[in-house]
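Participant: Protein chains in written order, with the numbering used here: chain A, 10 to 184; chain B, 10 to 184; chain C, 10 to 184; chain D, 10 to 184.
Derived from the structure by calculation, the hints contain no laboratory data.
Certain hints may be false.
[What the hints assert, rightly or not] The following label-pair restraints were derived from C-beta to C-beta distances:
| id | chain 1 | residue 1 | chain 2 | residue 2 | range |
| --- | --- | --- | --- | --- | --- |
| 1 | A | A75 | B | D61 | 30 to 38 Å |
| 2 | C | Q104 | D | V71 | 29 to 37 Å |
| 3 | B | A62 | A | P65 | 40 to 48 Å |
| 4 | B | A165 | D | A64 | 41 to 49 Å |
| 5 | C | P103 | D | A166 | 31 to 39 Å |
| 6 | C | P103 | D | Q157 | 24 to 32 Å |
| 7 | C | E69 | B | D61 | 54 to 62 Å |
| 8 | D | P103 | C | P103 | 29 to 37 Å |
Positions of the beta carbon are idealized from the N, C-alpha and C atoms, including for glycine.
Protein chains: 4
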Amino acid sequence: MSDVLIVGGSPSESSRSAAMLRLVEQWVRESGLLTRVVSIRELPAEALVRGDADAPGIRESVNALATARGVVIGTPIYKAAYSGLLKIWLDLLPQYALAGKTVLPLATGGSIAHVLAIDYALRPVLSALGARHVVPGYFVLESLAQKQDDGSVVLAAEVDVPLRQIVAEFVGAVR
Amino acid sequence: MSDVLIVGGSPSESSRSAAMLRLVEQWVRESGLLTRVVSIRELPAEALVRGDADAPGIRESVNALATARGVVIGTPIYKAAYSGLLKIWLDLLPQYALAGKTVLPLATGGSIAHVLAIDYALRPVLSALGARHVVPGYFVLESLAQKQDDGSVVLAAEVDVPLRQIVAEFVGAVR
Amino acid sequence: MSDVLIVGGSPSESSRSAAMLRLVEQWVRESGLLTRVVSIRELPAEALVRGDADAPGIRESVNALATARGVVIGTPIYKAAYSGLLKIWLDLLPQYALAGKTVLPLATGGSIAHVLAIDYALRPVLSALGARHVVPGYFVLESLAQKQDDGSVVLAAEVDVPLRQIVAEFVGAVR
Amino acid sequence: MSDVLIVGGSPSESSRSAAMLRLVEQWVRESGLLTRVVSIRELPAEALVRGDADAPGIRESVNALATARGVVIGTPIYKAAYSGLLKIWLDLLPQYALAGKTVLPLATGGSIAHVLAIDYALRPVLSALGARHVVPGYFVLESLAQKQDDGSVVLAAEVDVPLRQIVAEFVGAVR
Chain A
10 MSDVLIVGGS PSESSRSAAM LRLVEQWVRE SGLLTRVVSI RELPAEALVR GDADAPGIRE
70 SVNALATARG VVIGTPIYKA AYSGLLKIWL DLLPQYALAG KTVLPLATGG SIAHVLAIDY
130 ALRPVLSALG ARHVVPGYFV LESLAQKQDD GSVVLAAEVD VPLRQIVAEF VGAVR
Chain B
10 MSDVLIVGGS PSESSRSAAM LRLVEQWVRE SGLLTRVVSI RELPAEALVR GDADAPGIRE
70 SVNALATARG VVIGTPIYKA AYSGLLKIWL DLLPQYALAG KTVLPLATGG SIAHVLAIDY
130 ALRPVLSALG ARHVVPGYFV LESLAQKQDD GSVVLAAEVD VPLRQIVAEF VGAVR
Chain C
10 MSDVLIVGGS PSESSRSAAM LRLVEQWVRE SGLLTRVVSI RELPAEALVR GDADAPGIRE
70 SVNALATARG VVIGTPIYKA AYSGLLKIWL DLLPQYALAG KTVLPLATGG SIAHVLAIDY
130 ALRPVLSALG ARHVVPGYFV LESLAQKQDD GSVVLAAEVD VPLRQIVAEF VGAVR
Chain D
10 MSDVLIVGGS PSESSRSAAM LRLVEQWVRE SGLLTRVVSI RELPAEALVR GDADAPGIRE
70 SVNALATARG VVIGTPIYKA AYSGLLKIWL DLLPQYALAG KTVLPLATGG SIAHVLAIDY
130 ALRPVLSALG ARHVVPGYFV LESLAQKQDD GSVVLAAEVD VPLRQIVAEF VGAVR
């Protein structure tokens with residue numbers, strides 16, 4: 010059981026999207042909340058593609074969501090929307106899987122031209138899943154997240170400051 | 010090489026969405042155009058989940074798109090949007106993979122309440138892929154598509170007539 | 010000054026949309042909160058069309074929003090989206106006019122096929138206005154709101170019960 | 010009667026949006042097509058606000074649309090969507106007013122962050138109006154359109170070239 014589930018929708022472990030999510034997970038943990046991470050790319054691929062919610066690994070991830078009070082949903086923006094990998098996992102969830110939960114949507118993208126994808130593409134899906142309180146999301150421009158040799162990212166100040174603020178608001182809402 | 014590529018985004022072979030797409034494929038073929046089918050659920054699952062466009066099977070499906078002049082894109086509506094399975098394949102495509110092609114979006118859903126998902130969720134992604142001519146799509150209410158013992162569907166007249174019309178317009182635009 | 014501003018985006022005083030909003034205003038008032046109403050159709054038409062935020066009447070309505078903690082936004086669904094009349098008023102507002110406010114979006118429409126317009130069309134605009142907490146909205150099918158001779162509506166039980174619940178949640182969030 | 014109707018949704022005559030539309034109108038005219046212009050801000054304000062499609066001026070503009078084969082729809086992007094002024098006119102139209110017509114959507118905005126508003130906000134409304142062929146739209150960043158003393162704009166080359174191409178494609182499709 011955890012307070013906050015961190016769901017990663019990037020197909021690549023070494024992506025900026027994944028690294029940024031690890032950073033956010035750390036901030037949430039440092040605030041005193043218990044966290045758990047679901048990296049969708051590490052779930053059984055066959056079961057994801059066939060939509061088998063009962064497969065081992067998949068079922069655990071769905072249960073992890075059920076017991077969390079807050080959810081961070083991270084996705085790269087591809088083709089003007091969330092990743093297919095994220096949606097394939099959301100499709101496995103029960104109809105109102107986000108009911109009563111506080112949700113923080115986070116996206117990364119190569120161009121500021123994709124920033125509206127959070128509100129026009131991702132939020133309607135979160136609403137359909139019954140989310141009661143989706144806090145303001147945040148879009149991180151990839152060029153402002155510099156990758157380090159150890160796989161982590163260092164955020165430019167213009168991203169670091171507002172993102173910490175967004176995460177703090179989310180933590181407050183989960184409490 | 011084919012004139013029209015039919016892309017199926019349903020995770021289940023036995024779904025109404027898949028059966029309807031087989032029917033549409035037959036109509037397109039009967040009109041004299043050459044067709045080819047990509048059932049995303051039959052592509053290598055690992056490669057889909059990792060976004061590996063160069064994997065065998067995946068690469069073939071992407072090439073099949075490159076040589077087609079028309080594309081039918083079929084998806085069930087889940088959580089107020091296209092299926093994650095469809096999007097995971099669209100994410101693998103080159104940036105302007107639909108440039109110069111005529112596209113027909115088709116969706117199936119359990120409630121008429123999801124009909125706007127074609128225009129609000131699917132079309133913006135098709136636009137991002139460079140589609141020049143997306144003909145009017147069509148939403149089939151599942152209760153109007155009756156499944157038969159052999160896996161096919163029989164459409165109610167109120168669906169059969171307009172859907173044939175939509176497909177005929179698409180065929181005309183591809184020619 | 011008021012606790013809750015009720016904003017009506019229907020161009021017709023005698024519409025079901027307007028009548029439903031009067032009902033919701035009454036419920037909010039009965040909960041002990043102070044309410045104020047802006048019927049956009051009654052604001053100076055010239056100033057609305059020219060986008061003149063400083064015109065008398067317009068400025069008052071913008072100030073009324075600034076001091077409210079909660080906002081109910083009611084709109085009929087036309088052409089798959091919110092009314093132009095609502096948007097013309099939203100366009101007059103300062104960039105983050107909804108920052109820090111709790112917002113309840115309510116829509117009416119002739120077909121359940123338009124229900125996604127709240128989440129796909131209206132919510133992104135409310136997000137752009139800086140809304141921090143948009144509670145779940147509600148779509149009232151017009152055939153379930155029966156107009157009375159006195160201009161009021163009587164809601165069918167299947168609408169009345171969930172709508173009261175939605176309004177109660179909103180009132181709780183404003184408090 | 011005209012071949013192409015140019016519809017301007019900017020509330021200000023002196024806006025870049027209005028100036029760009031005059032430029033596009035000129036290009037369409039120079040291609041040999043007959044054009045007509047509807048500046049929504051110049052229509053009777055009271056009738057617009059009350060949704061009175063039969064008022065003089067309004068009715069003429071609706072009839073002008075009915076007889077045109079192509080339509081250019083220009084709007085500034087406000088609050089992450091088309092202008093309310095544009096939508097208030099679209100709301101006055103018969104249900105399938107764009108059926109059989111070729112439509113070119115053009116938007117102007119202060120930030121590239123709003124570019125997705127064409128596809129996520131405007132196109133679904135055009136689809137709901139029955140548009141059969143919406144050609145790729147174009148978003149002009151305001152900083153790339155320099156206003157001249159005479160009220161015209163000079164476009165930077167990086168806008169001028171693709172916009173001329175987009176307009177040429179539209180003209181071809183109308184023919």
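Participant: Against the range 31 to 39 Å, how does the distance between the Cβ atoms of P103 of chain C and A166 of chain D compare: consistent or not?
Facilitator: holds, 35 Å
Participant: Between the beta carbons of A165 of chain B and A64 of chain D, is the distance compatible with 41 to 49 Å?
Facilitator: holds, 42 Å
Participant: If I claimed the Cβ atoms of A75 of chain A and D61 of chain B lie 30 to 38 Å apart, would that claim hold in this structure?
Facilitator: 31 Å Cβ-Cβ, so the 30 to 38 Å window holds.
Participant: Is it true that the C-beta distance of E69 of chain C to D61 of chain B lies inside 54 to 62 Å, as the hint says?
Facilitator: Given a distance of about 60 Å, which is inside 54 to 62 Å, the answer is holds.
Participant: Could one say that the CB atoms of P103 of chain D and P103 of chain C fall in the range 29 to 37 Å?
Facilitator: Hint holds: Cβ distance 36 Å, inside 29 to 37 Å.
Participant: Holds or violated: 29 to 37 Å for the Cβ distance of Q104 of chain C and V71 of chain D?
Facilitator: holds, 33 Å
Participant: Is it true that the C-beta distance of P103 of chain C to Q157 of chain D lies inside 24 to 32 Å, as the hint says?
Facilitator: Once the Cβ atoms are compared, 30 Å apart, the range 24 to 32 Å for Q157 of chain D and P103 of chain C holds.
Participant: Given the range 40 to 48 Å, decide if the beta-carbon distance of A62 of chain B to P65 of chain A lies inside it.
Facilitator: violated, 29 Å
Of the numbered hints stated above, the single one contradicted by the structure is hint 3.
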